[in-house]
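2 protein chains.
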Amino acid sequence: MEDVDHLAFERNKAQFDVGEMKIVWAGSREGFELSDRISRLVASDPLFRKDDRVMLDRKELFKNTLRKAAHAWKRVIELRLNEQEAYKLRFFVDQPAFTDLHWGMFVPAIQGQGTDEQQQKWLPLAYRMQIIGCYAQTELGHGSNVQGLETTATFDPKTDEFVIHSPTLTSSKWWPGGLGKISTHAVVYARLITDGQDHGVHGFIVQLRSLDDHLPLRGITIGDIGMKFGNAAYNTMDNGVLTFDHVRIPRNQMLMRVSQVTREGKYVHSNVPRQLIYGTMVNVRQKIVADASVALSRAVCIATRYSAVRRQFGSHNGGLETQVIDYKTQQSRLFPLLASAYAFRFVGEWLEWLYTDVTERLQANDFSTLPEAHACTAGLKSLTTTATADGIEECRKLCGGHGYLCSSGLPELFAVYVPACTYEGDNTVLLLQVARHLMKTVSQLGTGNKPVGTTAYMTRLEQLMQYHCDVKKAEDWLKPNVVLQAFEVRAARMSVTCAQNLNKFSNPEEGKFFNRLLTYKLYEIVLVADLFSWYVMVERRVGMRSGFQELAADLVEAAIAHCQLIVVSKFIEKLQQDIPGKGVKQILQVLCSVYALFLLHKHLGDFISTGCIDPKQGSLAGEQLRNLYSQVRPNAIALVDAYNYTDHFLGSILGRYDGNVYPKLYEEAWKDPLNDSVVPDGFKEYIQPMLKQQLRNARL
Amino acid sequence: MEDVDHLAFERNKAQFDVGEMKIVWAGSREGFELSDRISRLVASDPLFRKDDRVMLDRKELFKNTLRKAAHAWKRVIELRLNEQEAYKLRFFVDQPAFTDLHWGMFVPAIQGQGTDEQQQKWLPLAYRMQIIGCYAQTELGHGSNVQGLETTATFDPKTDEFVIHSPTLTSSKWWPGGLGKISTHAVVYARLITDGQDHGVHGFIVQLRSLDDHLPLRGITIGDIGMKFGNAAYNTMDNGVLTFDHVRIPRNQMLMRVSQVTREGKYVHSNVPRQLIYGTMVNVRQKIVADASVALSRAVCIATRYSAVRRQFGSHNGGLETQVIDYKTQQSRLFPLLASAYAFRFVGEWLEWLYTDVTERLQANDFSTLPEAHACTAGLKSLTTTATADGIEECRKLCGGHGYLCSSGLPELFAVYVPACTYEGDNTVLLLQVARHLMKTVSQLGTGNKPVGTTAYMTRLEQLMQYHCDVKKAEDWLKPNVVLQAFEVRAARMSVTCAQNLNKFSNPEEGKFFNRLLTYKLYEIVLVADLFSWYVMVERRVGMRSGFQELAADLVEAAIAHCQLIVVSKFIEKLQQDIPGKGVKQILQVLCSVYALFLLHKHLGDFISTGCIDPKQGSLAGEQLRNLYSQVRPNAIALVDAYNYTDHFLGSILGRYDGNVYPKLYEEAWKDPLNDSVVPDGFKEYIQPMLKQQLRNARL
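Those sequence lines, one after another, are chains W and G. Going by this note's numbering, the first sequence opens with residue 903, and the numbers climb by one from there. Going by this note's numbering, the second sequence opens with residue 903, and the numbers climb by one from there.
Source of the hints: derived by calculation from the structure; they are not laboratory data. The C-beta atom is built at its ideal place from N, Cα and C for all residues, glycine as well. Each hint should be verified, as a subset may be incorrect.
[Claimed, not checked] Which chain W residues face chain G? A few, computed with CB under 10 angstroms, are given here:
id, residue
1, Leu968
2, Leu1113
3, Lys1130
4, Gly1142
5, Cys1308
6, Pro1321
7, Thr1399
For reference, chain W alone in the conformation it holds in the complex (with noise of 0.2 angstroms):
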């Protein structure tokens, strides 16, 4: 931190106590002190920095993330870091790298569905990155639909060998992270057949590249899939593409925890229930939503800072400007996201229970809340990333002109971040199995299967339909009861319109098959390595013509609907335990009424149409949440300080703790390659015969 502390007077404001903050914010003392000790451990050391990476070509900027990753790895070895801590290194790091895949995707797909020999060969190796390991999964053709892909691993049952090969150019892998250029192995999905029978897509552990010289194998072609979005931001990681051309492995190397291929090539299940699978999907799409609010959180960290520092317009008589961060259109955009980081971090706090409690629940063969915990991480992981992309550019607009310089920040920020919102399952494709399971959970009502867990406001689902909102002044829209009612409302109103009007559209034929989709359970219709869209079964069945297919944009906002009052409902159970600290509960009731209020002002069309509310208590709301603003006007800072963020993990200029923006912008400036000389390259060339006449003459 600098000496002068430009915002200290915004700070001097807050009304809550900010050390206390940080440790709701982290989740814990040890969660906080762990990150801020971690954070500073990478922030200080002059190899991590990442200021200079957006200058840099692709190769400069791939050897500089292959230093980086290799120095954390070292310190992660001299510091004699534990597991945690090696992840919060290379979180801190903040640079994308083959080894977020190694230890992200490689080494749990081995402990998920590898049998306990399997794992003792192969983790030993992983844990000392002896090998290099990806996940070899997504093809040119085929992404969602995981069933559709195309590589094959035949056995032959002469050698005792898996014949791995890509049939087509669309069978080429593409996306794989840590592919490209650096993994020696991969996790490589392909389509088991044995005897002429093809029996699905299974996982295999293939060696890629010689542990020697680092070539492709006989029979393995790779390379890299060229730019991707954004400066720097994506382009440290070698995506990769692969294609085999008959590349054979011992048949041990097929990941075999639930199904085996036996010495005779004969395919058979193992009595390890299947489900046990399915928890995994649970923890990366946990994973997903905590690091939303974390993206989220920075851009509105740097967008919030930045608003207090700027100021335009309504100087009287030659004196400060407005501070940008005064005006009720800056707020009415700003804090709204503000309150969603929060919401996005206490959601995924008790998604990271969730995970726990769906984990124990497994192990003792209880399968009954899967279903429900299934399309709630994937529900949230849908909401919160398409919120946060969006929420990141958005805070890059509210800092106006400057926010387009690389040194914001945010430009980087947006492109690293928006490809979760296409991987681990694309989220309209998540939206349509939330939908799905609120159909189930709507047709089913009446019968035994009572809603569990995030659906359980559907038992009561004869009250919400008769419900009417009382809120007749502005400041009862401040109760969390009225609140969640509205929401409970909306969500079981959009769903029961969704079913009914999928009625209407049944033909016979397809009656049938809905009350027979209805019986499936969901995680007959969930793939293990998931990315599956329930498309798939309602399209072979009844083809084009189908409700589901006619009315998915309306199931789409069903599902947000629902989506939403889980992400509410979880802040306002957060807000029920007890919190220390001067003030702290009492801001988060800010947040959490201006989250919801938000929510509701946006889908207003909503929660009208469907008579939860009716227009002057939607306007009421909106006069409430104006209220809300000033409220969070004066603790806006000391919120954004409560994350804790380093300046090096920021990365923007804009957002600096100490507010000192436009001198060092300007300096920034001078760093650009294009000012290492006065008058640039190509100026004798190009610009000079321009400015001569002597264009006609000139070769370019």
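Add chain G to chain W, keeping to what the hints say.
Coordinates of chain G only, in the frame set by chain W:
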């Protein structure tokens, strides 16, 4: 174009004459022929290739831009292209360059603000590019608030010169394109000071660099401000920083058409009506609206073609999977954007007419329509650029994972487009200007001042306040009048509500101010160089607590409602014209309904809560929208073909005319510099020691 057309089966589905639609899109047969000819000229010239530019580092990229600019100018000379053709050539070269500012800002500034004498001196030099100019207005500390600029131009009567000076760090010129490395001259905006008196901001022609060696002149410091958002994108432009240390220029380099400084140092006004200059703003902004339709249509073209190529899910017994364009979720996101591109095209066309009309009136000293024209162009600039920026990103997401690759063209299109939301008036500030005009219009109803142009519907306010929509079945929403009325009613009622709420807020002091404010003529508070907000006045006079400020977010929403009405009404007006070609008018009618009903659905809360429609009617609109999507579907590819974009201009593998996506994506990948070597740079230093467990001793 390729031999095989993978989209031929889609093109065969079209129900309208694509050739005729191309004329409609281009605006005229001549317009079409001009664009067609020049775009092919550029596409066939290897020097204008752009597929490699995302891989260049900043210096190479910049040099590449200089080369293209010189080559473009050479072609203009060789082919004796006229002004319009030369403009189109630069347009299709599609790489931001200093020439954009030279032709688009520097030359027009002299034309608009220079005396005849000044024009005779400077314009011939500029026309021949013997000097290259830029437009140096924005400073580090001031963008929107032009009146807050700090650079000074102090008249020194002793030497008959102005002394241009940067008194503070924040007074550094910051952002001007072409400034950083290339421009020899600039129109510099600075506070004119004579005899100790500050006369506000005026323009001055200042030479920046020597015409011999291109070095900055004495007292001038210039550089590039560094990397901006995205791959290539605006990094081809040398946006610059500039400070003056008491730089002297002759008195006759102040742009003196409207105000002069005499030899004695007296500040006087000429008899040229100031308003003439405001026409320029209308012109610049109507061009931005036209550009919005181009940018959005490019993105839509890419996403539509790729959505027809991409197949996912729904294969029956090994047959082809479903084209993603057949999914309703895809249609409900993509088709409104397709319709928007056409809507923006037509409103842009109308704005061209408006500009001509305003210009003619100004020349006849008729200023009556200027305020309305100004508000209208400001609002449409804001509306279309925001929708386009969001729309491009939506199109990118609609392309799934592959949209994240630079070779999709969408990342660069987004990054190069988004500054349009901030430059030439921040979009939120502009909407507040519109809102102010609306409040003034409402308050003057019943007085002699009749609303004109796009606010003319306000004359029917009484009727609009009583209206209730009589839609009874979904098809009723196809009637243009029904739609138009609904948009008028919504806009009018939102304005009236705001006006009423403003009254509630007003205390006696503020009430007085409000009345006073309403008597100001708009052009009195709009600056020459614009980018000005009405905040200035509001805040200067009544401070932060004004109702305007408090209700700013609502005012913005009312302004949006008004602007959407304009776009809808101009689309409807366009369809009242004679439009030749089989099926052309019919499909445009479908698009018009899609655009309007999509907006209605998106802003359902507005429509219902203003009592303009009821929930049932809202739901019928949604139903009709679904039907319309089915009518768009077979025409989708032909509708984007009608833009007549070359593959070169589109710059997207996903959007290729022939739909040959996968082989070309695969080919393109190998061109990445990372694929120059099989084993990447850095492997030996960083990865091998990791794999060999020798990291502890490695020097990284």
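Evaluation of the provided hints:
1. Checking Leu968(W) against chain G by beta carbon gives a least distance of about 4 angstroms; that is within 10 angstroms, so the hint holds.
2. Residue-level restraint check for Leu1113(W) holds (minimum Cβ-Cβ distance to chain G is 6 angstroms; threshold 10 angstroms).
3. A cut of 10 angstroms between beta carbons decides the hint on Lys1130(W): the least distance to chain G is about 5 angstroms, and the hint holds.
4. About 9 angstroms separates the beta-carbon of Gly1142(W) from the nearest beta-carbon of chain G, less than 10 angstroms, and the hint is met.
5. For Cys1308(W), the shortest C-beta to C-beta distance to chain G is roughly 4 angstroms, which falls under 10 angstroms, so the interface hint holds.
6. Annotation: interface hint on Pro1321(W) holds; nearest CB of chain G at approximately 5 angstroms, less than 10 angstroms.
7. Checking Thr1399(W) against chain G: minimum C-beta separation of about 8 angstroms stays under 10 angstroms; hint holds.
Consistency with the previously given hints is maintained throughout, with no hint failing.
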